[in-house]
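Student: Given these sequences and hints, build the entire structure.
One line per chain: the protein sequences are A and B, in this order.
Quick note on my numbering: the first sequence kicks off at 422 and runs consecutively.
Quick note on my numbering: the second sequence kicks off at 3 and runs consecutively.
Hints are supplied without guarantee of correctness; some may be wrong.
Said to hold, decoys possible - DSSO-like cross-link-like pairs, simulated, lysine-lysine; straight-line CA separation at most 27 Å: (1) B:438 x A:826; (2) B:40 x A:1260; (3) A:713 x B:393; (4) A:578 x A:826; (5) A:713 x B:400; (6) B:393 x A:717; (7) B:400 x A:717.
Worth flagging that the hints you see were computed from the coordinates, not collected in a lab.
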Amino acid sequence: MSVAAANSNSANTAEPEVDPASILHSVLHAAHLLPAQGPITAFVHHNTLHAFEDLEFDTAVRKGGKVFGCHPYLPEKQYREMLVTGRIRTKDIEAVLHDQLGDRGDDLLGFLGTRFNLYRDILNHHLHDGPTVDLRWVIGDTNALNRFREDAPSEIKEQFLNDTRQWVMRDLRGQSGADDLEKLDFPVARLFKMFDERCIETWSNKTWESFVLHLLWQICEEGACQATKSQSGKSDPTRAHGPVDDPIRQRDWLLELTGVDPDELVHETLIPFCAAFLDQGFTSWQLVDREKGFLKSFASVYGQGFELSEPWRRGLAIELSRITAEDESAIESITQSLDELGIGAERLDAFISSSLLALRGFAGMLWQMETRGDRVSHGMPEGTLVEFLAVRLLLDRFAARYVAKNSLSYRGELKQIPRWAEEQLERKNGRDSKPGLRNAFRVFELAQLRGWKPRILSRLKPFEWKNLLSDLEQFSGIERRQIYHLAFERKYRNETLDAVCVHSMRTRQRDLRTSSLANKPKTDFQILCCIDEREESFRRHLEEISPNFQTFGAAGFFAIPMYYRGAADAHFTPLCPVVIQPDHYVREEVVYSLKQHETKRKRARQTIGTVTHRVHIGSRTLTGGWLGTALLGSLATIPLVTRILFPRLTSQFRGLMGGFVKPPEVTHLHLERLPSERPGPTKEQLGFTVQEMAVSVERLLRDIGSTGNFARVFFICGHGSASLNNPHEAAHDCGACAGGRGGPNARAFSQMANDPRVRQLVAANGITIPEDTIFVGCYHNTCDDSITYYDLDQIPLTHRTEFETAVQALDEARKRDAHERCRRFESAPLDLSFDEALKHVEGRAEDLSQVRPEYGHATNALCFVGRRDWNRGMFLDRRAFLQSYDPIQDDAACSILERILQAVIPVCAGINLEYYFSFVDPVGYGCGTKLPHNITSLIGVMNGAGSDLRPGLPWQMVEIHEPVRLLFVIETTAAAMQKIIAKNAGIERLCNGNWVQLAILDAATSTVMLYKRGQFIPYVPETDELASSETSVDWYRGWRDHLKFASIGKEFAN
Amino acid sequence: MDLELFYRIAGITTVASPLVLLALLGIPCLVARPPSEKSITRLIYGSVVIGLSTAVAILVAMLISGSRHVPIDLGDWISLPEEHFDFHLKFVFDRLSVPFVILTYLLCGTIGAFTSRYLHREPGYVRFYVAYALFMLGMVCATLAGTIEVLFFGWELVGLSSALLIAFFHERRNPVRNGFMAWCVYRIADAAFLIAAVLMHHLTGAGDFEVLMGQGSWPEGVASITQTQALWIGLLLVVAAAGKSGLVPFSGWLPRAMEGPTSSSAIFYGALSVHLGAYLLLRISPILELSIWLSGTVVTLGLLTAVYATLAGRVQADIKTALAFASLTQVGIIVVEIGLGLRYIALIHILGHAAVRTLQLLRAPTLLHDYHVLENALGGHLPESQIWLWKILPQSSKRWFYLFALERGFLDELLNRIFVRPFVACFRLFDSLERKWTNLLSGDTHVESDAVALHDEIIEELKY
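Tutor: Here it is, written out as structure tokens:
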């Protein structure tokens, strides 16, 4: 705690009273900070620090780090490792330092050289950092004081040793030296004694080295000590603090003082109750009086006195009965708690935030369910969060009182705890006896690297020491990590931009060559995939296999926002980005001729479902469980053993069995609505009008710039992912479908685009789709790399051969896609064949024990918006979102680009930033390892038996990620982009706040401009070289880690 | 081949297989050469396949030859004639132990295979498997034990590995705390067990079950001690079984034990470890028969546990705790069956229950997927599964039952009052007396451990 905070605490009794309105306001403010993740069943990626999105990135991560107690950047150690492996280069560090320091870099810091040089040396060498106990060990038990650092330049070392040796012999030994040595008198004498001065003339070089280092350390320690003394009274920023940075709740003080956490008591009660309150139908007994709201329900359950209730809750029942009897509202209860805890208006915001954040997973979920209750079957009533706070504060009071009394024998008022605790702490404050030790050691290490000789250091005055230390302190851990991080991002950014320049140049040159020969590969097929970076490899392989395939990318809801319900689905699910609220409803229906058949099967499914449900519930009950386990239990060994040892076979068998009750394959979408009806979920209201269809079709075709040259077969490919035993399954689904599966959108789009009436309307607006072009919808499962095609019976006879040829290519492409994915899975051998790779990923999807069915969006780092021409054949390592856009077809105001970016920038940035934070702090921002996860209330996961709800991504999903901010490369002009940024607040916030990196490309000249501090600055490529390879396989074969860029294709290989 | 020799070789192999596994996994770790994931998996498969096939071979041989009781005697390892003590190493293959040891191998093998992928790339991979090997050795020893000492040895290993695996994620506070809680309850159970073993030695001069239960093979043995003796020994062993199987009032640790990786929760608290108490009762069932009071106690305990667990399980909103209570419900019923003398039914019940619960726990993370499939099959939200009793209860008793269930029957607090607080208070008293005494002697008020900082030093650079 800082002294300033302590002062404000002691003044707390004088704070003004709080009024109900300001409490509500504070709760709203705090709710903003809570995790915004909704139920895990529909996983929507979003910026973890959305609450701070209006700040600049660096400021925001630091502030977020402080508020949530999380890492802003990776730990320094990891950056240092990257420095060793070359993932961060010295020249990146220098460039970033120049950029960040600006003129300050040239400041001369006394004899230490310029600030730039000092900082560079600190960053380039592995300097020790850690708690004081660590340091004591390093000093006492390692060779730190005996041998020079190995990375010290040898000439500096020689000079250092010789100079000091001479100085020692000349001035120090006889004790008759210059007067500036007085203060060193004692330590030097002790050193001489330790090394046996009598035979100083026969000391070996090693002895001298050790002696010199000991001397240096003595001087540094003494100097740092002097400096700290001279600034006593002021708060020391590097002083170690207790578990809580800025104590405000009674709990913080008690934890600091006793090591007992009152929150542990409170949460033991609060967590099961919150889980029961949030439950979406898992428990068989509903929470009593749940419909009356959180507070009433809590009062009703815990208002009953029970002889055996835990001692800290003694008196709670009486208090709760009083609340019930007086019908006290949540706000009244909060006011009373605040009064008792001594919180006035001044610290209200901070106090309420801190109290709500203490159990932020549950609080956040309650808030989500309160505000977006439409997404689940049991929404929460209005005011739930306030009531939660009321209960929480009530419990906090009891727990604090109990801990204070039991561990400290404190019986005074609760509101006096802070002041009292402060006195206690001051009295026993013997902990941080030597705060300067770490500083001293840093100087000690730097002196060896930069040749600051003991002779000079020993002459420094206390104020000079103070300046030196404060210069070092200014470059604290966070500052260093920021620089490292920028350097880390810079390397990848420069490599990307270099590769883009070179590759686009190469493709241009090739096109020049081939167009003169007039043997340009003609386009037989086209396919539109999702923008998703997982489709990048799929598209690349497809283009490699069959050069006559043209591929596009667009947000995977294909401009058709809708609520969709499949033939065997129970509910409508929204399939479009979260920001859009769909108006239209679409159902899949079994074709009329199979209706009766389906009715029978549906009944069978219902019967099986009912039985399964009964068994599911029954196996946990007394009698049902007895029947199930005693009589039939042994049969469970069969699925137990087969599912685990032979997952793929078992799933095939299960699929075979399930096939008998599945709805018939032949279905169609109920897609058309009469213009007279309004859209809605009833039978007549389902679907779109022809007019609306034409708008959607035209919009998408214009977005991707496909307005002419249609091939005879045009695939529209949605995607999703299915895996077993994975609570985070939905996080692998299509981001543009709000964690849904995009197959139906692809199907709907194809059906619309195939409609002659729609084509007519579209043609009237200038896009002529030839009569012999057909659209085929399909669905790519990114987990097992299967592709399902829709409405095959609609394919005319004339197109069947071509369709089959295309499917052959697609089949080969998905195999190779699986193969490329396998290189990332450590459990897949590197020498798999394509077929084996496909089998491997199929097995993963069905394996109960597999915690990494796929890696999802991990490693995402780029987003290209532009024509495929300049990046076709570029190896992007599944790291780039690819959006098709043709600047030539856009109007002068770039309105097409604008509407594309309105969706693409926030959605892709959201995905990227969620991965960033979950990787940078997997436990704080992410949800840690999956292994102990425990599904709770059907809406989230806990860690083990009773933790807070854990939002964020699990470690197994992000472990191969590189936390770089997404780099957009957009094919447009600076002026157009500036205008779009200025017009759209959302884009402006992300671009100007540096939440994303932005570059624009002029494909005609292959020049790139980089967006920096509101300006587009020409980018000068570092190199004009780029590796090339004949096929992707040749490039990625045998390698697990991230790969560099390359041009792929025969025409580039040389 | 000589049947006796075959039994001896096969029997020793069955027991030695996990022992060798433990050595092969553990010793390289001690010399800082932890084996790779692949070689661990191979070792596990090898060990399980060998153990399982010899156990099955013994079963076949027993069925063919018609023998129902095959002792494997490895002699006295410690003998103190003047103290009337000898540590007799002996394993028994009979109708009880053979199915149990086969189940152990089957489930351990499945879990071993499951975990090899589930824990892939986890930093604690080797640690998990060392504890797992310890557990398997413990289970095999305990099930095949022919003397009470051997049973105790296996019992201890199971307890140790269990606590270690609950606290598997030791960087968090909760797992360690809950692992420690399980450990403490096990200690109570062990104390009772140990006293019972000593008593047995006093009464019969040996720890051999054959001497105690008479010559008849399980389950037809007739105990050779008096009714009162049986009551006392039996009660102690019931306490031991209650601690191990989480029977009332020791149930609190079981739901808290769901802290480790899913697969270890499955094998320990769904399948094997939780049934070990019941197994002990089955083993000593001839004693239970002697005293009506004893079997009455067992039946009551089982019934209380079953009713308690089914009540508490109804309000748990997370899948693993719900399954823990479901498990406990069936263990309660199994104990009732044992108390009633329905030994074969109890045995079959254990086998079936272990398999079902393991599968359910392993599939726990797929709950959302399953619910989605079910909803689709039923074409709407799942029906509420409230039982009739809940519907007809008046509001006030509903409230009471709800609180009782949500607070898990207040059993933790009960234990705290009976055991923990008096125990802690007692030792605090000793501590303060000691301080007074040492302070007086040294003329100082300093105790070194007081100076240890309460919190780790947190440095701004490393983490805010």
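Student: For each hint, tell me whether it holds in the structure or not.
Tutor: Cross-check of the supplied hints:
1. B:438 x A:826: At roughly 23 Å apart (the allowed maximum being 27 Å), residue 826 of chain A and residue 438 of chain B satisfy the hint.
2. B:40 x A:1260: Given pair residue 40 of chain B, residue 1260 of chain A holds - Cα atoms ~20 Å apart, limit 27 Å.
3. A:713 x B:393: holds (18 Å)
4. A:578 x A:826: Distance of about 60 Å is beyond 27 Å: violated.
5. A:713 x B:400: Holds. Residue 713 of chain A to residue 400 of chain B sits at ~15 Å (cutoff 27 Å).
6. B:393 x A:717: Given pair residue 393 of chain B, residue 717 of chain A holds - Cα atoms ~21 Å apart, limit 27 Å.
7. B:400 x A:717: With Cα atoms ~15 Å apart, residue 400 of chain B and residue 717 of chain A stay inside 27 Å; holds.
Taken one by one, the earlier hints fail for this structure only at number 4.
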